[in-house]
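Asks: Spelled out, the chains give:
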Amino acid sequence: MPSSSSNKALRLWQIAIFAGFVLFWHAATSPTLLPPIYFDDPNKAAFFFGEPLKVFERTWDWFSSGSIYPHLWVTLLETLLAFVIGTALGLGMGLWLALAPTASALLDPYIKALNSMPRVILAPIFAVWFGLDIASKVALGVTLVFFIVFFNVYQGVREVSFTVVANARILGASERQLLRHVYVPSAMSWVFASLHNSVGLAFVGAVVGEYLGSSRGVGYLILQAEGTFDINAVFAGILVLTAFALLLDWAVTLAERRLLVWQPRGGETEKI
Amino acid sequence: MPAAVPALALEQVTVMFVSPDGARYTAVRDTTLRVEPGEFVSVVGPTGCGKSTLLNVAVGLLQPSAGRVAVFGAPLAGLNAKAGYLFQTDALMPWRTARANVAAGLEFRGVERAEALKRADEWLQRVGLRGFGERYPHQLSGGMRKRVALAQTLILDPQIILMDEPFSALDIQTRQLMENQLLELWSANRKSVLFITHDLEEAISLSDRVVVLSAGPESHPIGEFAIDLPRPRDVAEIRLTPRFVELHTLIWQAMKQEVLKSYAQQQLQ
Chain A
1 MPSSSSNKAL RLWQIAIFAG FVLFWHAATS PTLLPPIYFD DPNKAAFFFG EPLKVFERTW
61 DWFSSGSIYP HLWVTLLETL LAFVIGTALG LGMGLWLALA PTASALLDPY IKALNSMPRV
121 ILAPIFAVWF GLDIASKVAL GVTLVFFIVF FNVYQGVREV SFTVVANARI LGASERQLLR
181 HVYVPSAMSW VFASLHNSVG LAFVGAVVGE YLGSSRGVGY LILQAEGTFD INAVFAGILV
241 LTAFALLLDW AVTLAERRLL VWQPRGGETE KI
Chain B
1001 MPAAVPALAL EQVTVMFVSP DGARYTAVRD TTLRVEPGEF VSVVGPTGCG KSTLLNVAVG
1061 LLQPSAGRVA VFGAPLAGLN AKAGYLFQTD ALMPWRTARA NVAAGLEFRG VERAEALKRA
1121 DEWLQRVGLR GFGERYPHQL SGGMRKRVAL AQTLILDPQI ILMDEPFSAL DIQTRQLMEN
1181 QLLELWSANR KSVLFITHDL EEAISLSDRV VVLSAGPESH PIGEFAIDLP RPRDVAEIRL
1241 TPRFVELHTL IWQAMKQEVL KSYAQQQLQ
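Residue numbers (the numbering used here), protein chains in the order written: chain A, 1 to 272; chain B, 1001 to 1269.
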């Protein structure tokens, strides 16, 4: 266990690495600070790689003027919808197929095929089916999230300890009670294990969907900036997306801690 | 012995397993075993002799290939609703707290949750786990988990209690505590117990009757011994009495051959 002082040092070093990276970026791209090393024109480095100060400035503008909020909101909404729908479908299908061996054997090749398919390629098709609004992005996110959750639930149900199931049966659990009190809680722990992955992929689905065709969202902002060679805005968009992904990840960690109290964590087992 | 209907009767039971490659393995052959109401019967035998198989047949998890199972005279169909089962390995639901685990059976049987939890608290107290109700299984020691499992089974007040080496994973001190506690609970409310163990001393100190199984495959009972030690017993003290030693010698004579046979078979594999 790291002590609080070494923890502090760790944080400090992490910030230092970030500051060093930004400093290097700034020094290497500023048209005036250093003579051009690689490019013949002092402005070219900034054209290709952007300038950190301008990136931060652009980000600040977006938030202070509030112009980014509708875009962020759309992206977030798409992510959440994709996550919730994908998880619900994956949970349902996973439970069903894990408990119905015949159906599972029958559908096995199709599930494998669908999972192997590079699903991002479906984005244009979804755009045709569901239009350029949020529905097509949600659909793309759902196809990404579904399989992660599905396979985890499927695995989770199959790996429920035989003894726990037998014990619950002997204690008088009906099939429905078994599902509710044994299979679902057990599967949920696997769903949570995949939560970081599935939230991340829901986000990817939303952004990629926006990038391939939309009129709103952070992905759309990036696409527009790219169209006008506004490299600083592209980086600002990426910065916002990254910060947001980290936030989502943190939210998942919080949810996990609350909902999986029954699972042993390192150094906490056999506490008497 | 009264001529009443036995609480549990296995009649000429044979259990044959077929592996996916078609090989047959007969775990138990032509076994007849009866447990009278209120009687504590132990089954001992070398490892791998099909003791657990017998128990799984008695509770209805396994269908015998031949023979009959009767519970209070009625043929057993499906799970044995009159029996409680204490597993060798952990069978608690890890996502439920200790009290929710104890209350589970009542809840499954339609008792209201608040009432079930109240009775679970009483049982936790009875097995010496007062104040541990909100712990999850992983926060309890092995012995505590066993107690929770015991309370989980006994709260349903089963007429027959089946136990599959329930204390084999515990250290010797915890084990003797648990054995005494079991005897105490059992004498307060005498149910039929079928106790499986490979530990002869444990079997003698707990039981009214000890049945010795032969080594597998095709295990069958090869001896039956009435244990006429006085009750109430203390499992640690009773081991020092001359009668205990006498019985131990007697039963061990019958068992020794089988243990050696089982050992030799394991060496071959």
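Among the clues, some could well be false.
[Stated by the list, open to error] Only pairs whose alpha carbons sit at most 20 Å apart, straight line, appear in this in silico SDA-like list of lysine to any residue:
1. B/1082 / A/226
2. B/1082 / B/1011
3. B/1082 / B/1096
4. A/54 / A/18
5. B/1082 / A/175
6. B/1082 / A/163
7. B/1261 / B/1047
8. B/1082 / B/1109
9. B/1082 / B/1063
10. B/1082 / A/172
11. A/44 / A/30
12. A/54 / A/172
Hints listed in this document are in silico derivations from the structure and should not be mistaken for laboratory results. Note that the structure is predicted; figures quoted are calculated from it, not measured.
Asks: Kindly indicate which numbered hints from before are broken by the structure, ordering the numbers from low to high.
Replies: Those not satisfied are hints 1, 3, 12.
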